[in-house]
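Enquirer: Listed below, chain by chain, are the residues.
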Amino acid sequence: MVVSPEISRYNAEATREGAWEAYVQADRVHRTLYTDEQVFNEEMVKVFGHTWVYLAHESQLPEPNSFLSTKLGLRPIVVTRDRHGDLHAVFNRCAHRAATVCREEVGVAKSFQCPYHGWTFKNTGELVGAPWPQGYGADFDKSKLGLGKVTRVQSYRGFIFGTLSESAPSLPDYLGEAKPWLDYWIDRAPNGEVIVRSAAHRMGYRGNWKLAFDNGGDGYHPSFSHRSLLEMASRMGDSKDMSYFGKTPDDGPMKVYSLGNGHSVIDQRPNFEGPGSIWANQRPQPGREKFEELIRSKYPEDADRLLDVSAGAQINLSIFPNLLLIGNQIQVIEPLGVERTQLTWNATSIGGVPEEVNTMRMRTQEDFPAFGEPDDQANFEEVQRGLAVSEEEWILMNRGLNVDGWQTMDENGVIVTAVTDEIHMRGYYEEWLRLMNGEAK
Amino acid sequence: MSQKVQDYSDTSSWSYHVDESFYADLDNFRDVLNSDWPVAAAEIARRGEGFLAQEARLIDEGRFNDWLELFSADCLYWVPITPGGGNPRLEVSHAFDDCRRLTDRVYWLRTGLAFSQIPQSRTRRVISNVEVLDEPSKGLRFIRSNFIVNEFRAGVHKTYSGWYGHVLTAGDEGWRIRLKQANLLDSEHIHENLTLVF
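Note that the protein sequences, when read in sequence, are chains A and B.
So that you can map any letter, position 273 of the first sequence is 273 in our numbering, and since no number is skipped, the others follow by simple counting.
So that you can map any letter, position 128 of the second sequence is 1128 in our numbering, and since no number is skipped, the others follow by simple counting.
No lab work stands behind these hints, which were simulated from the structure alone.
Glycine residues also receive a C-beta, built at the ideal position from the N, C-alpha and C atoms.
Careful, some of the hints might be misleading.
From the structure, some residues in chain A lie toward chain B, with a derived Cβ separation under 10 Å [as the list claims (entries may be wrong)]:
hint : residue
1    : 46
2    : 186
3    : 188
4    : 191
5    : 195
6    : 197
7    : 202
8    : 235
9    : 344
10   : 381
11   : 406
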């Protein structure tokens, strides 16, 4: 048994029996977790199936009978609202001969008719009927031939998750200590109204899906991976956004929090002081000067708040295994193959603010996908290339481990540590190991 | 109370001019770019083609500072995500570059530190089906064209296709680009490393 020298929130006595121990050690993980197709296929069943996986945002399903096509791991699914507005998710796979029954990305439909042989299913999955039923025997039981269902679908304040596991904890319990951070992110919107529209940056990279998760909670890379952005930002003198990742960020006020269940968050907010500070430090985006003047003159009492919510949330919240809240974006990790991944950056608007605020949010949310993320993804791809060296077997995640004075644990078991601690990786791999070993929570 | 009057005239540093009327212009440009035009006179058509060919060569040869000079102070370099453009007030784009952000983009490409452009993209584009519409009363020239952009980078060859909408504005030194809208055929779908210039 590998005993993590981390301050552990878990029972040290709990033994792990399973095939994966050798691949996930306290300070390192094996290269094959990023390169081996069998590992990937098993992940698609266990990690993307046996725990809560983010599926969609409720604003993408605005009315009764709305639907949205997406995937749970590699399984094509359709997330639906029934006529009462309740949420469901069904496999996009005809019970007859497996063709997908829904071929549109979004829309409104009470039922789906398979284009291949005409079997028709309600948007809750039940089989309505198959054409010419006289061709089936007496044992043809419609009630057993519905679309397969994602057995548990639940929304937390608009964020829809699904799992095939009956034994997984409730969604709020699974989100656990990530919940207050998610609440902060949602509550930046008046009344918590977050809106996802269709335009999203859908980025692909030639690398394993976990590289995106390794990066989401990584406070170590910005001053190197994002040198081009930081250099560009200093074009007009004082460098603004993200410059605090530069010199020895571990001595600064930023922290990373290991939240349990594989979740983590980087809190950049301590770099900012008081209302209006986030806006003041925002990189200048198209229309900034006119917008600020307009907001300050029309809403003098409320200007700082409105300006701050026009810029990013200043937390990077990673919710295992596929949801990353970065800035104002809802980023979703979609594995396509062992060495190919889609990252969808869903831009968000919010309700209860002047429309100009949302326009500025759009301009803000174009910046990092253009000048930051591509450099990260180039590095993900170069990691994947480097992993071809079969003689060098390990990826290290040991930064911060056994370093005196970095980690403290609060009363809820949340570990707080210096921002470049690789605890976010060790934390999610603990959860990955549990799922891959098929252990109950 | 006296207030210091800020000089916002340098649009490579300031973006005071991107206001509601700036967005309204985009709506108007889109209406024109999506309407049927008469066939332009040969001389006009040839000038339109020539402008696009010159612009294309500057990009393909990596002469981004020279390319930047082609744009007007109130320009927009726009690569929408929603096909046709959607509503930029409420939707994000691959690129929605006013003069300042476009200057940033060129600066960024030239830092030599953008790992997504190490090695640099090599591109070579083909432009065809060029149509030109002049609106002398507004001092504008509209050009519509189809493109195929071939890109080679880091051992991978990619092909992008789509159509350009150019709106040129008459300036002291000839035509300048007021709007360049690059509409990718698959703009709303998955793309790898979309850091090349369209």
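Enquirer: Next step is simple, just say for each hint if it's right about the structure.
Expert: Structure-based check of each hint:
1. Checking residue 46(A) against chain B by beta carbon gives a least distance of about 25 Å; that is not within 10 Å, so the hint is violated.
2. Evaluation of the residue 186(A) hint against chain B yields a violated restraint, the C-beta minimum of about 19 Å exceeding 10 Å.
3. With a least beta-carbon distance of about 18 Å to chain B, the hint placing residue 188(A) at the interface is violated under the 10 Å criterion.
4. The restraint placing residue 191(A) at the interface with chain B is violated, with a minimum CB-CB distance near 19 Å, outside the 10 Å limit.
5. A cut of 10 Å between beta carbons decides the hint on residue 195(A): the least distance to chain B is about 9 Å, and the hint holds.
6. Interface hint status for residue 197(A): upheld, as the beta-carbon distance to the closest one in chain B is roughly 6 Å, under 10 Å.
7. At about 5 Å, the closest approach between the beta carbon of residue 202(A) and any beta carbon in chain B falls short of 10 Å, and the interface hint on this residue holds.
8. Contact between residue 235(A) and chain B, as hinted, is supported at the beta carbon level, the nearest pair being about 5 Å apart and thus within 10 Å.
9. Interface restraint check for residue 344(A): the shortest CB-CB distance to chain B comes to about 9 Å, inside 10 Å, so the restraint holds.
10. A distance limit of 10 Å between C-beta atoms decides the matter here; for residue 381(A) the minimum to chain B is near 8 Å, and the interface restraint holds.
11. The criterion of a C-beta within 10 Å of any C-beta in chain B is not met by residue 406(A), whose closest approach is roughly 29 Å, and the hint is violated.
The structure is inconsistent with the numbered hints 1, 2, 3, 4 and 11, although it conforms to all the rest.
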